[in-house]
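Residue numbers (numbering that gives the first Met the number 0), protein chains in the order written: chain A, 0 to 250; chain B, 0 to 250; chain C, 0 to 302; chain D, 0 to 302.
Treat the hints loosely; a few may be bogus.
For lysine-lysine, the following DSS-like pairs were computed, each having C-alpha atoms within a straight-line distance of at most 30 Å [said to hold, decoys possible]: (1) B/K184 with B/K172; (2) A/K222 with C/K234; (3) A/K225 with C/K51.
To be clear, the hints were calculated from the coordinates, so they are not data collected in a lab.
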Amino acid sequence: MADLFDCIISTKQTFGGCTELVLQNGALAACAAQGQFLHIQCGDQTLRRPISICDVAGDSLTVVFEVKGAGTEWLAAQQVGAVVNVLGPLGHGFPLVCGRILVCGGGIGVPPMLLTAKGAEAADAVLGFRTASREMLTDRFRAVCTDVVVMSDDGTCGKQGFVADGAAELLKKHTYAAVMACGPKIMLKTVAQAAKKAGVPCYVSMEERMGCGIGACLVCACKTTKNGEEGYRHVCKDGPVFAAEEVCWDD
Amino acid sequence: MADLFDCIISTKQTFGGCTELVLQNGALAACAAQGQFLHIQCGDQTLRRPISICDVAGDSLTVVFEVKGAGTEWLAAQQVGAVVNVLGPLGHGFPLVCGRILVCGGGIGVPPMLLTAKGAEAADAVLGFRTASREMLTDRFRAVCTDVVVMSDDGTCGKQGFVADGAAELLKKHTYAAVMACGPKIMLKTVAQAAKKAGVPCYVSMEERMGCGIGACLVCACKTTKNGEEGYRHVCKDGPVFAAEEVCWDD
Amino acid sequence: MTDLRVNLAGVMLKNPIVVASGTFGFGHEFADYYDLSELGAICAKGLTVAKKDGNPPPRIAETPSGILNSVGLQNPGVDYFCAHEMPYLKQSGTKIIANISGNTLDEFTELAEKVSAAGVDLIEVNISCPNVKCGGLAWGTQPESAAAATAAVKKAATVPVIVKLSPNVTDITAIARAVEAAGADAVSLINTILGMRIDVNTRRPVLRNNMGGLSGPAVLPVAVRMIYQVACAVKIPILGMGGVASGADAAELMLAGATAVAVGTALFQNPYAPIHVRDELQAYLEQHNIPAASALTGAVMPY
Amino acid sequence: MTDLRVNLAGVMLKNPIVVASGTFGFGHEFADYYDLSELGAICAKGLTVAKKDGNPPPRIAETPSGILNSVGLQNPGVDYFCAHEMPYLKQSGTKIIANISGNTLDEFTELAEKVSAAGVDLIEVNISCPNVKCGGLAWGTQPESAAAATAAVKKAATVPVIVKLSPNVTDITAIARAVEAAGADAVSLINTILGMRIDVNTRRPVLRNNMGGLSGPAVLPVAVRMIYQVACAVKIPILGMGGVASGADAAELMLAGATAVAVGTALFQNPYAPIHVRDELQAYLEQHNIPAASALTGAVMPY
Ligand SMILES: Cc1cc2nc3c(=O)[nH]c(=O)nc-3n(C[C@H](O)[C@H](O)[C@H](O)COP(=O)(O)OP(=O)(O)OC[C@H]3O[C@@H](n4cnc5c(N)ncnc54)[C@H](O)[C@@H]3O)c2cc1C
Ligand SMILES: Cc1cc2nc3c(=O)[nH]c(=O)nc-3n(C[C@H](O)[C@H](O)[C@H](O)COP(=O)(O)OP(=O)(O)OC[C@H]3O[C@@H](n4cnc5c(N)ncnc54)[C@H](O)[C@@H]3O)c2cc1C
Ligand SMILES: Cc1cc2nc3c(=O)[nH]c(=O)nc-3n(C[C@H](O)[C@H](O)[C@H](O)COP(=O)(O)O)c2cc1C
Ligand SMILES: Cc1cc2nc3c(=O)[nH]c(=O)nc-3n(C[C@H](O)[C@H](O)[C@H](O)COP(=O)(O)O)c2cc1C
Ligand code: FES
Ligand code: FES
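Pulled out of the complex, with its shape left as it was, chain A reads as follows (with noise of 0.2 Å):
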């Protein structure tokens, strides 16, 4: 159950301009499932920082992050030993579907759909970058999914275009029981007509603002609409993972 832990970072590498951190903590990860996120209190700054889960294996959890402000910036310069406090796992990740899926990521969106990829029976993947040099984890991706599509938005590795371009075209070609997507709002949208096109539901990771990153203080509103009526749900509680179709998109 989600909770306090300390962790200790027993692998630092960096990658496609992000840092990947592997922490380990038994307890915490024998309950992190996929899409959800950990809560990480990054030196002393007065809020946590929401990062997805990337992978789990054992003991271990794998997280992968870009370092944006203050608390990433401190996360990144954590070294190998050190520990750092962690709440999690929280959220209401990506569902556990029957048969194939498609796993959707861009850019830092791409890690959290490891785990995704791995837990289905069958998985196919779409993964963006906006340039070569931000590519990264396509070979972990390789050895979990059948196809595995690269698109970069320059053309310097992969296919040059969007996501969702690839998306369409895995969708034309293969059965689909979901597809699940994070990265960018216009790529879930985008990913979610091209879905929503081929019938199939799709899942999308939202991304917002958190405070208690356990739905008490309200503050992680995302607009929804969810048996007809328009309102607030919480992405730390609720989501981050959302039905594509009950997310209000132009919000």
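With the hints as your guide, set chains B, C and D with the ligands onto chain A.
Frame of chain A; chains B, C and D with the ligands shown alone:
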């Protein structure tokens, strides 16, 4: 001249309930004088912490301090090899006088008297501690002083009694050019009285909470009388060392 | 044995540590971490007559040692609260404070009646929310309107009434005296200080609502000052809050004049914060040989 | 080449970075660290007609991301300043702002005359010092008295007049509008927020004066909010301050509406702070291809 300096901690020990750090910085060491202090950045505390210079040798400066709150706690947690940022050397220290001097230190006021004793033609010392487990640096004083009298509140080390008692005794035995003292205010006051009785000039190192450390913000006020006029002077710039007869003791 | 109990306007709390309105939801989320009966009281999320969606996101921004929020009183409405949240809260083993916000005096009356009937132990009247267009802060910046809201609630309430004061005023003692005269059984302070952050890269305010309320350790010295001022000005007890993150912080607010202390923003760094604050407060009392927490209230020795 | 110059009420500053009154003395101490001509302007320590000793120590307390001070306007008096400090400041190669504090309107007039005659470039009227018993904050909390002080200074001053506003008010725009109507050429904000700390071991306030003024990064979000509000309410330029510790902070205050920005408390951690802030601001402007610092003023895009 005073400036900002990064210093590497080259050695660290604890004794008498205090932490001793030896800081490496040649430029800083080159301009440090007895009775001056360093304004040390302790982690991300809003304010620096003033700590007296205990000793200077070659490229290194020694500071000895007690953990009181968050700032000194941070400082005491730093390890050999860590870098601390120092503004200094600051303040107006003990004067250089010709002849034999008596240095008096009480508790955490003991360390700053070491460099002062070393700088004199000849020196005796009275060092006061609460109890035996707080005793410190007496060997180092013995190496540079003729008479070293240790006093303790509870008689567990040296003689039982106050620093002023020991000072009064030595003032009877020898002729001094000056008495120099650092310690709690009540000790400074009583030492100053003893010196006055003996007709010997006395200099005392005062403490006050500080902001800038360089004389600009006027927070570190100490009431003194100078040329007959009572008013606030500033511990960081006019002091920390003042002529004892100028200090308004009962303020 | 240290006696941690405190009497807040006639209601005995088993310890002085309360959780602040809006930072603890209706308690469910924290029950996964500890037994809610450990708390002195739970102050529930602010309620309005009708369900309220709150402001669009982003609703939170970080500031040095603090945060800004602009939730805007999102809540399911008082009826939902009474029907669906109170049954759970009632059996939580601690005292329940309802926090209510009206746009009109009639709404305050309605809210007070309904939460009283639902069995809350205390009512906190929010006349200080900076994040809503009508109501909220508008009530709390003038003695007259603050007194009017207090009187409306008092008339309808069957339990003691706490009025929550805003720090965004020239003279908080004037407001405190006005609500005391209007019958308030206690005051709570401080609500958040109005603030703003701008993202220098996008030139956009960080909050979609442009401004928001500042809370967290950054505001602690303002809370201490205002509690001290109000304690000197009124006789009714004070529920203190603003930046409390440790037992020492809680003791500081109590010394300034608070009878009990709420923990809010600190919950975002650590859901166990109120439990730690309580334990640290107890250790502080033991260390100083103070037999009862209540002895701290107003015990500062000013110069 | 980025143009860092800004025009503050008719006075051209070579860059927007000013040092805040009370945190820079009369400049001497910092001349050991850098050439004072690097600064946009120096705002000197607050002056009164007669020499003032200030409050007894301790005068400073630390708070989360901030400090409290209760210096209480210690200064050598305006005559000493004009005779002994102005000659030095005048040749420092930067603009000089005198900060003046009167107990009566006559004192404001006298102060304005004297510092004008001594050749300062601008006058800052302090109607917001929380640390003195008479004068100070008392002027700044009501539109009428704020306007009266402004008018008295304006009548006597031969240089542009900036009125320094207090954040300890319910509606800062009302005060800003009042001083604008009374002839102020600019406003500066924020002065310190009244706060207090208590030592839980001694039960004594940390400050001998019990209360003091809060400054430093903790107050930045309040400064941004008030600058934004005032910029929307008046046409005169704003000298912004409150918690600035980096070029991004300075840019944030400028986007909110400030023409120039003062650095105060940050000097206590680093005497080079204003130089670093200026360099970081310049780097920010270059990185965003903004040719002139003045383009930032009020350029926030509110929702
Ligand atoms: C559910 C979830 C999962 C995430 N997973 C990842 C991940 O796996 N890898 C990764 O690199 N990033 C991830 N992010 C984004 C990550 O949280 C932000 O990049 C990070 O919080 C920025 O912190 P900072 O201190 O570096 O930046 P600052 O801008 O200094 O942060 C200031 C405040 O804004 C918040 N904030 C800033 N950007 C975001 C954002 N995009 N989303 C939410 N809050 C933000 C911070 O948490 C902090 O409270 C995720 C966000 C969410 C909501
Ligand atoms: C000129 C001078 C020289 C000093 N030399 C030494 C020394 O060599 N060894 C040593 O152990 N101590 C020395 N002190 C005292 C030392 O500065 C304080 O113990 C230290 O600042 C406490 O910081 P803190 O964060 O641990 O405590 P906190 O109480 O958390 O500090 C809070 C604030 O109060 C200030 N403060 C607290 N106590 C004092 C104090 N006694 N004097 C001045 N400011 C204080 C801190 O600097 C800080 O700004 C000296 C003080 C002065 C003025
Ligand atoms: C996210 C958030 C939501 C809040 N919602 C309410 C509310 O609904 N009603 C209310 O009276 N105060 C509300 N507050 C104010 C807090 O109850 C408290 O007064 C304030 O945050 C100061 O305490 P703190 O610094 O410990 O958080 C809210 C504060 C936060 C941070
Ligand atoms: C020690 C100290 C002394 C101050 N003295 C004065 C003063 O004499 N006159 C004045 O108008 N403001 C004075 N101020 C207020 C500052 O000029 C400034 O408005 C405030 O500190 C906010 O800026 P900061 O957060 O950058 O320090 C003083 C502030 C401090 C910290
Ligand atoms: S972050 Fe608190 S409810 Fe989501
Ligand atoms: S600390 Fe600023 S004048 Fe002494």
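Results of checking the hints against the structure:
Between the alpha carbons of B/K184 and B/K172 the distance comes to roughly 25 Å, so the proposed pair stays at or under 30 Å and holds. A C-alpha spacing of about 46 Å is found between A/K222 and C/K234, which places the hinted pair above 30 Å, so the restraint is violated. Proposed proximity of A/K225 and C/K51 is supported: the alpha carbons are some 16 Å apart, at most 30 Å.
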